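Turn these sequences into a full structure, and let the hints steer you where they fit.
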Amino acid sequence: MMYTKKVMEHFQNSQNYGKIEDADGIGKVGNSRCGDVMWIYIKVKDGKIADAKYETFGCVAAIATSSMAIDMIKGKPVDQALSITNKAVAEALDGLPPEKMHCSVLAEEGIKSAIEDYQQKNK
Amino acid sequence: METKYYFDYNATTPTDPRVVEEMNKFFIENFHNPSSFYRKAGEANFAVQKARERLAELINAGSSEIIFTSGGTESDNLAVQGTAYKLKEKGNHIITSRIEHPAVLKTCKHLEKNGFQVTYLPVDRYGFVDPEDLKKNITDATILVSIMHANNETGTLQPIKELVKIAHHKGIYFHTDAVQSTGKIPVDVRDLDVDLLSFSSHKIYGPKGMGVLYKKKTIKITPLLFGGGHEKGLRAGTENVHGIVGMGKAAEIARLEMAEEKKKLRPLRDRLQKEILEKIPEVIINGDTGKRLFNTLNLSVKYIEGEAMLAMLDQQGFALSSGSACSSGSLDPSHVLLAIGLKHEEAHGSLRISLGKYNSREDVEKLIEVLPAVVERLRNVSPFWQNK
Ligand SMILES: Cc1ncc(COP(=O)(O)O)c(C=O)c1O
Ligand code: FES
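Chains as they are written, first to last, in our numbering: chain A, 1 to 123; chain B, 1 to 388.
Heads up, some of the hints might be wrong.
Facing chain A, from chain B, some residues (calculated, C-beta under 10 Å) [claimed, not checked]: (1) Y126; (2) E307; (3) L310; (4) A311; (5) Q315; (6) L331; (7) H335; (8) E376; (9) R377; (10) L378; (11) N380; (12) F384.
Some chain B residues well away from chain A (every beta-carbon gap over 10 Å; in silico) [what the hints assert, rightly or not]: (13) T3; (14) K4; (15) Y5; (16) A11; (17) E57; (18) H110; (19) D124; (20) R125; (21) P159; (22) I219; (23) R266; (24) E305; (25) A325; (26) E362; (27) E369.
Using 30 Å as the maximum straight-line C-alpha spacing, the simulated DSSO-like pairs for lysine-lysine come out as follows [as the list claims (entries may be wrong)]: (28) A:K112 with B:K302; (29) A:K6 with A:K48; (30) A:K19 with B:K388; (31) A:K53 with B:K165; (32) B:K388 with A:K112; (33) A:K6 with B:K366; (34) B:K366 with A:K5.
Simulated from the structure, these hints should not be mistaken for lab results. These numbers come from a predicted model, not from an experiment. Quick reminder that beta carbons are idealized off the backbone N, C-alpha and C, glycines included.
As structure tokens, this is what we get:
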């Protein structure tokens, strides 16, 4: 399995993991195909993603996309963060092996689900 | 970092330099076709026959009972399909187990599409087939039992002799896939009394793409490849002379040195097991710890995923394998680990460490040092560990 340098960097050195105890939104998603799980925590301030973290049980691609997705939404307005796609995350990592594209879906879904959770709570 | 610490000998082995040395002559100097007339061809033929004898000696067979193939996969195919097609007038039922290598399992699946019925025996949590279960599943239509000797993932060794007796009591052929045991531990086809046995060259420090099917003299099977009548018509094609010579040399080395290897490697494997269990919480050992290949250690590290472990270890120069879904490409975790009753998450976090003759004590100490940190890092990232 060949991963890009960027994937390996995010996989090995990501600092974006962990919990946010007083999170404003939490997304818990799973990949029914291989059984992997991703939790995304977000903190929202003035309509922007002030902080975000992930916890992921999964492969290199799942962990790297979690980490990259967090980088991509931090500081962004909530509606912009909501439009993040798995393709954009994979591209930001200089690509994923084709059989690993499905892992990036988890990142997109995780972010969306965390934001939806936040929006539900703040209706 | 380059791969400095190789712990994946059940996947394949480096070719022993003594094997390479013996093969070299047969590329240019003595490239001749063993079936041809001239003296050089005779020399090639002689080398092939010598290899045949060495291979026979490794498993206590007669040299006329050795069929050269392109590897374990072909040997398994030839044994299972060859028997099925030969005996299809007699019956259409085959018994195998759920933990076989795909070379047997997928062959059986293929036969199922072609009029055969296959029973896949379950195994217990240690990976053993229950002989009583075999007995119960034999029908009047059963023509073949195929159960592996040592499992490639867990190293669990089946009670082949006992299983063979049950099959033979009903006059049914018995094939065993001994790809993982041959060359590592004594395998004696007379003692086991199997009718067919597969093994492979690249698992025993021989060249890749070579294997043997042992076929008891009295047994008849149908070939899969037709052509020039090589291997008594059972496997046509000009002999892979250098491959055969190399595999023969590997067999000789294995026969002479296997006891020594075991003496060296077993304590290393046992030390790995003990230290990992002590240093890393919530690890389970997969397979039986008694009747197990001395070089194999399969474990599940709970709450994390195998491919991620493999990648972290790879970055630090370690080569291992895992039964995780994410590392398989197929998205299903190891069928062997599921068959011994592991939950999906547990199979996901599995790691197979398989040692071989070039492993040193230092390699093992290094792995003991590095693995706990890898596990800790991935557990820190894991929602299951953090929220348990
Ligand atoms: C138990 C078992 N059977 C069969 C095979 C296939 O052997 P080969 O790679 O020589 O085709 C392997 C090797 O992966 C194996 O471990
Ligand atoms: S999440 Fe399982 S393969 Fe990537």
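Consistency of the hints with the structure:
| no. | hint | result |
| --- | --- | --- |
| 1 | Y126 | 24 Å, violated |
| 2 | E307 | 4 Å, holds |
| 3 | L310 | 9 Å, holds |
| 4 | A311 | 5 Å, holds |
| 5 | Q315 | 7 Å, holds |
| 6 | L331 | 5 Å, holds |
| 7 | H335 | 15 Å, violated |
| 8 | E376 | 13 Å, violated |
| 9 | R377 | 8 Å, holds |
| 10 | L378 | 8 Å, holds |
| 11 | N380 | 7 Å, holds |
| 12 | F384 | 5 Å, holds |
| 13 | T3 | 14 Å, holds |
| 14 | K4 | 18 Å, holds |
| 15 | Y5 | 18 Å, holds |
| 16 | A11 | 14 Å, holds |
| 17 | E57 | 40 Å, holds |
| 18 | H110 | 24 Å, holds |
| 19 | D124 | 24 Å, holds |
| 20 | R125 | 20 Å, holds |
| 21 | P159 | 33 Å, holds |
| 22 | I219 | 42 Å, holds |
| 23 | R266 | 32 Å, holds |
| 24 | E305 | 5 Å, violated |
| 25 | A325 | 4 Å, violated |
| 26 | E362 | 24 Å, holds |
| 27 | E369 | 18 Å, holds |
| 28 | A:K112 with B:K302 | 28 Å, holds |
| 29 | A:K6 with A:K48 | 26 Å, holds |
| 30 | A:K19 with B:K388 | 13 Å, holds |
| 31 | A:K53 with B:K165 | 60 Å, violated |
| 32 | B:K388 with A:K112 | 25 Å, holds |
| 33 | A:K6 with B:K366 | 27 Å, holds |
| 34 | B:K366 with A:K5 | 25 Å, holds |
The structure does not agree with the numbered hints 1, 7, 8, 24, 25 and 31 stated previously, though it agrees with the rest.
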